[in-house]
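*Asks:* Sequence:
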Amino acid sequence: MTDLSAFPITQKWPAHYPDWIQLYSLPTPNGVKVSIMLEEIGLPYEPHRVGFDSNDQMSPEFLSLNPNNKIPAILDPHGPDDKPLPLFESGAILIYLADKSGQLLAQESAARYETIQWLMFQMGGIGPMFGQLGFFNKFAGKDYEDKRPRDRYVDESKRLLKVLDSRLQGRDWIMGERYTIADIATFPWVRNLIGFYEAGDLVGIKDFPNVTRVLERFLARPAVIRGLEIPK
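Under the UniProt record's numbering, the first residue of the sequence shown is numbered 1, with each subsequent residue one higher.
Check each hint, because a few of them may be wrong.
[Said to hold, decoys possible] Here are the simulated BS3-like cross-link-like pairs (lysine-lysine), alpha carbons at most 25 Å apart as the crow flies: (1) K142 with K206; (2) K83 with K70; (3) K70 with K147; (4) K138 with K232; (5) K70 with K162; (6) K206 with K70; (7) K158 with K206; (8) K147 with K158; (9) K83 with K100; (10) K100 with K70; (11) K138 with K100; (12) K83 with K142; (13) K70 with K142; (14) K12 with K232; (15) K138 with K206; (16) K147 with K162; (17) K162 with K206; (18) K206 with K232; (19) K142 with K158; (20) K12 with K83.
[To be verified] FRET-style restraints, in silico, Cβ to Cβ: (21) P67 with G170: 16 to 26 Å; (22) G124 with P149: 15 to 25 Å; (23) R213 with D3: 40 to 50 Å; (24) N69 with P209: 37 to 47 Å; (25) E108 with I41: 12 to 22 Å; (26) R213 with P8: 20 to 30 Å; (27) D201 with D143: 38 to 48 Å; (28) P149 with P60: 15 to 25 Å; (29) E198 with S64: 45 to 55 Å; (30) I41 with F139: 44 to 54 Å; (31) A111 with S54: 25 to 35 Å; (32) M120 with P149: 35 to 45 Å.
Keep in mind that the hints were calculated from the coordinates and are not lab data.
Glycine included, each C-beta is placed from N, C-alpha and C at the ideal position.
Construct the entire structure; sequences and hints are all you get.
*Replies:* This is how it looks when you write it as structure tokens:
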């Protein structure tokens, strides 16, 4: 049995199954990327809830694993050379798990880098822009009299949706027939935009039929259904 006691995070969230991947997360758009990925590839893992309501992400134990105090993060007891590997940043974790499992990321160079390209499109564009729109539409920003900040993110979100919609024209998934980590990264954010953030009408989501078509297909996957609720 692997000994993870050298990692302070296990003092706050004990590993009951120390030979499994330890997941520290919440069911947010970034968090569920990794729980969905783990459900899709079938590697054993143990989820731990990092509660924002109790500022768990600011605890010394969590910061020892991710100094950027953001979820998700993982601790893989069997990383490269069979040594424990702590890892944060959802995009990096997706690539790592794809390589570890040999699933959901092409091995051939061209398709591999094209997939990573669309993963970066989500990481650098869709995630930050949709998140800012959520702040200005649903949270503290909704009380601002000046709607120019909100509208700036509305316009940028529309632009990104247009790019995604064009990419999905005639395709089952972002990479065509192949379902990949690019889809796992992207569609939880689209779901959140029109659901939790209540911004579907603001961005005119009906104007992006390819996005809504693939979102529906994504949400019907059994691993996605499970992953969206982890950790409870």
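*Asks:* A separate judgement is required for each hint: does it hold in the structure or not?
*Replies:* Verification of the hints:
At roughly 23 Å between alpha-carbon atoms, K142 and K206 fall within 25 Å of each other, so this suggested pair holds. At most 25 Å may separate the alpha-carbon atoms for a hinted pair to count; K83 and K70 meet this at roughly 24 Å. Taking the CA atoms of K70 and K147, the gap is near 28 Å; set against the 25 Å cutoff, the hint is violated. Using a Cα cut-off of 25 Å, the hinted pair K138 and K232 holds, with the two alpha carbons roughly 23 Å apart.
A distance of roughly 29 Å separates the Cα atoms of K70 and K162; the hinted pair therefore is violated under the 25 Å criterion. As the CA atoms of K206 and K70 are separated by approximately 32 Å, the hinted pair breaks the 25 Å bound. A distance of roughly 11 Å separates the Cα atoms of K158 and K206; the hinted pair therefore holds under the 25 Å criterion. Distance restraint check for K147 and K158: the Cα-Cα separation of roughly 16 Å lies within the 25 Å cut-off, and the hinted pair is therefore satisfied.
Proposed proximity of K83 and K100 is supported: the alpha carbons are some 13 Å apart, at most 25 Å. Restraint check for K100 and K70: the C-alpha separation of about 23 Å stays at or below 25 Å, so the hint holds. Proposed proximity of K138 and K100 is contradicted: the alpha carbons are some 38 Å apart, above 25 Å. Straight-line distance between C-alpha atoms of K83 and K142 comes to about 47 Å, which puts the hinted pair past the 25 Å bound.
Between K70 and K142, the direct Cα distance comes to roughly 24 Å. Compliance with the 25 Å bound is thereby established for this hinted pair. Proposed proximity of K12 and K232 is supported: the alpha carbons are some 17 Å apart, at most 25 Å. Taking the CA atoms of K138 and K206, the gap is about 20 Å. The hint holds against a cut of 25 Å. Between K147 and K162 the CA atoms are separated by roughly 22 Å; this keeps the pair inside 25 Å, and the hint holds.
As the CA atoms of K162 and K206 are separated by approximately 11 Å, the hinted pair is consistent with the 25 Å bound. For the suggested pair K206 and K232, the alpha carbons sit about 31 Å apart, so the restraint of at most 25 Å is broken. Taken as a hint, the K142 and K158 pair is honoured in the structure, with Cα atoms around 19 Å apart against an allowance of 25 Å. Taking the CA atoms of K12 and K83, the gap is about 21 Å. The hint holds against a cut of 25 Å.
With their beta carbons about 43 Å apart, P67 and G170 fall outside the hinted range of 16 to 26 Å. Here the CB-CB span from G124 to P149 is close to 20 Å, well matched to the stated 15 to 25 Å. Against the hinted window of 40 to 50 Å, the Cβ-Cβ separation of R213 and D3 comes to about 48 Å, which satisfies the hint. N69 and P209 have their C-beta atoms about 38 Å apart, which keeps the hinted 37 to 47 Å range intact.
Taking the beta carbon of each, E108 and I41 are about 19 Å apart, inside 12 to 22 Å as hinted. Between R213 and P8, the C-beta spacing of about 45 Å breaks the proposed range 20 to 30 Å. Between D201 and D143 the CB atoms are about 19 Å apart, so this pair departs from the stated range of 38 to 48 Å. Checked against the hint of 15 to 25 Å, the C-beta distance between P149 and P60 comes to roughly 34 Å, which is inconsistent with it.
Separation of E198 from S64 is about 36 Å and departs from the stated range, judged on CB atoms against 45 to 55 Å. Taking 44 to 54 Å as the suggested C-beta distance range, the pair I41 and F139 does not conform, at roughly 34 Å. In this structure the supplied range 25 to 35 Å is violated for A111 paired with S54, their Cβ-Cβ distance being about 42 Å. Under the hint 35 to 45 Å, the C-beta atoms of M120 and P149, about 25 Å apart, miss the expected range.
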